[in-house]
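Asker: Letter by letter, the chains look like this.
4 protein chains.
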Amino acid sequence: MTTTAPLRIDLNADLGEGFGVWRLGDDDALLGLVTSANVACGFHAGDPVTMRRVCAGAVAAGVAIGAQVSYRDLVGFGRRFIDVAADELTADVLYQLAALDGIARTAGAGVRYVKPHGALYNAVVGHERQAWAVVDAVVAYDRSLPVLGLPGSALLRLAAAEGLTAVAEGFADRGYTAAGTLVPRSEPGALVTDEAAVVERAVRMATEGLVVAVDGTRVGVPVSSICLHGDSPGAVGLARAVWAALQAAGVDVVPFVR
Amino acid sequence: MTTTAPLRIDLNADLGEGFGVWRLGDDDALLGLVTSANVACGFHAGDPVTMRRVCAGAVAAGVAIGAQVSYRDLVGFGRRFIDVAADELTADVLYQLAALDGIARTAGAGVRYVKPHGALYNAVVGHERQAWAVVDAVVAYDRSLPVLGLPGSALLRLAAAEGLTAVAEGFADRGYTAAGTLVPRSEPGALVTDEAAVVERAVRMATEGLVVAVDGTRVGVPVSSICLHGDSPGAVGLARAVWAALQAAGVDVVPFVR
Amino acid sequence: MTTTAPLRIDLNADLGEGFGVWRLGDDDALLGLVTSANVACGFHAGDPVTMRRVCAGAVAAGVAIGAQVSYRDLVGFGRRFIDVAADELTADVLYQLAALDGIARTAGAGVRYVKPHGALYNAVVGHERQAWAVVDAVVAYDRSLPVLGLPGSALLRLAAAEGLTAVAEGFADRGYTAAGTLVPRSEPGALVTDEAAVVERAVRMATEGLVVAVDGTRVGVPVSSICLHGDSPGAVGLARAVWAALQAAGVDVVPFVR
Amino acid sequence: MTTTAPLRIDLNADLGEGFGVWRLGDDDALLGLVTSANVACGFHAGDPVTMRRVCAGAVAAGVAIGAQVSYRDLVGFGRRFIDVAADELTADVLYQLAALDGIARTAGAGVRYVKPHGALYNAVVGHERQAWAVVDAVVAYDRSLPVLGLPGSALLRLAAAEGLTAVAEGFADRGYTAAGTLVPRSEPGALVTDEAAVVERAVRMATEGLVVAVDGTRVGVPVSSICLHGDSPGAVGLARAVWAALQAAGVDVVPFVR
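Residue numbers (this note's numbering), protein chains in the order written: chain G, 54 to 311; chain F, 54 to 311; chain H, 54 to 311; chain S, 54 to 311.
Hints are computed from structural coordinates only; laboratory data are not their basis.
Any given hint could be a false lead.
Here's a subset of chain S near chain H, in silico, CB distances under 10 Å, partners left out [as the list claims (entries may be wrong)]:
(1) Asp100
(2) Asp140
(3) Ala144
(4) His180
Here are the computed distance ranges between Cβ atoms for each label pair [said to hold, decoys possible]:
(5) Arg210(F) <-> Glu181(S): 46 to 56 Å
(6) Pro241(G) <-> Arg182(H): 22 to 32 Å
(7) Ala243(G) <-> Arg182(H): 17 to 27 Å
(8) Ala249(H) <-> Arg182(S): 51 to 61 Å
(9) Ser239(S) <-> Val112(G): 25 to 35 Å
(10) Arg182(S) <-> Ala231(F): 26 to 36 Å
(11) Val112(G) <-> Ala139(H): 40 to 50 Å
(12) Gly115(H) <-> Glu181(S): 32 to 42 Å
(13) Glu215(H) <-> Pro241(G): 42 to 52 Å
(14) Glu181(S) <-> Gln300(F): 45 to 55 Å
(15) Arg196(G) <-> His282(F): 55 to 65 Å
(16) Asp81(S) <-> Ala249(G): 30 to 40 Å
(17) Ala249(H) <-> Ala243(G): 52 to 62 Å
(18) Leu244(G) <-> Ala114(H): 41 to 51 Å
Heads up, the beta-carbon is just placed ideally off N, CA and C, and yes, glycines get one too.
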């Protein structure tokens, strides 16, 4: 039997993560490589001028704009867990989502999905109350917006239960356990640093839906998007290599949102 | 000749000007008296939880929600002029407007108008560059949104020139010059503190479109809305007296937006 | 044998917890009743103008100034746990302590002790890493500064282990278990709301070093200070009643610092 | 006649101007070249962890630490004029100065001077009220601290009038008028971009106390310090060239504070 449906994958990365005079990552280069841009909304990074600039760039490049919502923590870049009450978190997510959506619409395209950032991303893997709070914000704002997150997370499970579109993403530069979860950063094998290996894993995720776990097992990772990191040295080069390898493998690199 | 059109006036006040645990003014009481609520958007006051609560209250009370946009200055409550560049100010206004609009829509009604707050309100009376910046934000976001401001201000002039609806407001508790401008706060007669006088002036503005200036001249002040101050002691009592006197004078107290 | 040393107790309360235009609690009234003022340092509350005013008032009233250090969280008033890394927390505490100390010295008296606020206060009861981080800041800044906290907390234990003066405080309006710990707020008996009961418990703590636990047991609570809450309705009245009852019982109400 | 006193000059630059994850300039390289570090204090840049790191580096390198005080404006990097009231500005400067001084002392050396940053630096050239506010803060905190600023500024004049040490600095990369003032940035000749020219001007300022103005006139600029900019591309290379040329010219590059 031959494959009738073309292979396709989305590439997402964090963009617009500067603040005022401070810059982080190479937004312009990444806009030429990714198909979905997780745009910072002002709570962990992203002043309004930067948000406008990145949205304009994304629209020009045909990149889907996602709201990268976060705890309110500029000095900690949203990387520190905050024990926010559910109603506060829902309101915070709603505020960020609405602000970016309005700005994105003035650039020609609204927000197309929501992805939590940093410590909030990690929290909603298992923290049911905070996961609900994020889902509640999306439900209140626009039920048609997909939520992008970790496979198996409370966030995706609760989003689906509420009737939202839950989209799973993979990490080509992270180690996986035989159970298909990420190897914790504190353990050996958590990070894949060899560029060729990362590229190979990205292609395999996109073409076979598989990853080789730390114990050598082949594990299914049915993801619609692969997350590229944009703020490390060599990030753009790696993104370019992943993009090229996917093209060469006959994979359509397109936004997961229609 | 008899008046065929019914007399009507809008009453507006600043609401939602707390932040976190801190409160300012009596939002609940004012929502029963005003017809337009200038809701703080997070830059001078107004955290997301407060914004949601005030928007829900406004919708329940049939009060129009306006975006009370400001300089980014929590510690100064937006009362200090900041020499913000035009593109930054436009982006800041857009961000605030979009955030509140999104929150207001989840409460059942979107933002209906825009009114600058504090030092920005004063700046755009004469500061053309900043006035343009505010107008640009409204034009980019939604041309159908009226701008509320001081009669004779650069803001209203430029808004009208851009095709926006420019709405003038009056102050029953401020002194006016014979030219129809406000007496500067540093000069005698700037404030009208006698409650009966304030009430009488509000009724006259609404019924005759007039105010008695500090020199005794009767001056035309063709305003569609009267601004009530909500954060001073006795503010609610005064608002209630103005509201009752307008009712007694046969004036419909209704939102200026349709 | 008769008691030769006079009975003495310190009363402490949180002061200077406004921010900009926003006020919280009645600083002036409390300065006439307490002997130690936990002054907010700008991270959960307390702008520099307020800090100067409260320090001047404390010096005039002979009240000892303590640094009420907090997580950086204005919108959450420092009441939400933040998973701050140790080096960041140490630096944050050092920054706040130094800022208040400098301001206090210009008012005529430096900071005399350190007390964590809100969620940080609760965290350092059991969170060893954060407790160490606070202790490290005090050690780095000035080893002669006492640390005020909950009896049995990691904070006081580690402070003492480092050679700092660890000072225990009691709560006349909180329920205690038979083990001498506070009844969690989620359980019955957590709060003592009857004013007469609170006053009686304060006197007993000061004169006998005892409190009656929720199960009726008499428990020793050897505290040098009693914490009064300043931001609730009736707070000042209760503080006044406690103060008067202590005087009547022959207890010297004096700062715990010399 | 022979010169009996050795030629000496101070080189100062802004350091510690990152915030959280964001970095700006190459602090480590500059610490090997300058003799005075204007360290950001948290209001326009500079989180507490960064402040500690820079202070430790400055102490290790024998570089004098100055408090680079600013308007409270992270998003604007302190580059926007804010119409702050005098008492607020005094308190803001005091807070920043005290915070940095405390941190610096834990690193082994306290703050040795005060220099306003950005828009505040420019404001206090002519804005008497704000200049007084800065001077008042230094007077309140420590009369022995010099104030570093622009020759001819209100700041230096008022500081001297109050008995403070007023220290003038020059800019080797800025054009001067025949009157010895800086050519406004909006006019031709405001910036000297040729590296060799900048180096030559720095040496001439240090050895002859002269600069060649835009009209060719030789103007006296009696400065004790030359300001190097650290955040532009090539900044470190230029700083190194200036430092080397001064050494070659027999000028001692030493802190202006003793």
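Asker: Against this structure, judge whether each hint is valid.
Answerer: To see whether the hints hold, each was checked on the structure:
| no. | hint | in the structure |
| --- | --- | --- |
| 1 | Asp100 | 8 Å, holds |
| 2 | Asp140 | 6 Å, holds |
| 3 | Ala144 | 3 Å, holds |
| 4 | His180 | 19 Å, violated |
| 5 | Arg210(F) <-> Glu181(S): 46 to 56 Å | 34 Å, violated |
| 6 | Pro241(G) <-> Arg182(H): 22 to 32 Å | 23 Å, holds |
| 7 | Ala243(G) <-> Arg182(H): 17 to 27 Å | 21 Å, holds |
| 8 | Ala249(H) <-> Arg182(S): 51 to 61 Å | 53 Å, holds |
| 9 | Ser239(S) <-> Val112(G): 25 to 35 Å | 34 Å, holds |
| 10 | Arg182(S) <-> Ala231(F): 26 to 36 Å | 32 Å, holds |
| 11 | Val112(G) <-> Ala139(H): 40 to 50 Å | 43 Å, holds |
| 12 | Gly115(H) <-> Glu181(S): 32 to 42 Å | 37 Å, holds |
| 13 | Glu215(H) <-> Pro241(G): 42 to 52 Å | 35 Å, violated |
| 14 | Glu181(S) <-> Gln300(F): 45 to 55 Å | 51 Å, holds |
| 15 | Arg196(G) <-> His282(F): 55 to 65 Å | 40 Å, violated |
| 16 | Asp81(S) <-> Ala249(G): 30 to 40 Å | 33 Å, holds |
| 17 | Ala249(H) <-> Ala243(G): 52 to 62 Å | 59 Å, holds |
| 18 | Leu244(G) <-> Ala114(H): 41 to 51 Å | 57 Å, violated |
In summary, the numbered hints that this structure violates are 4, 5, 13, 15, 18.
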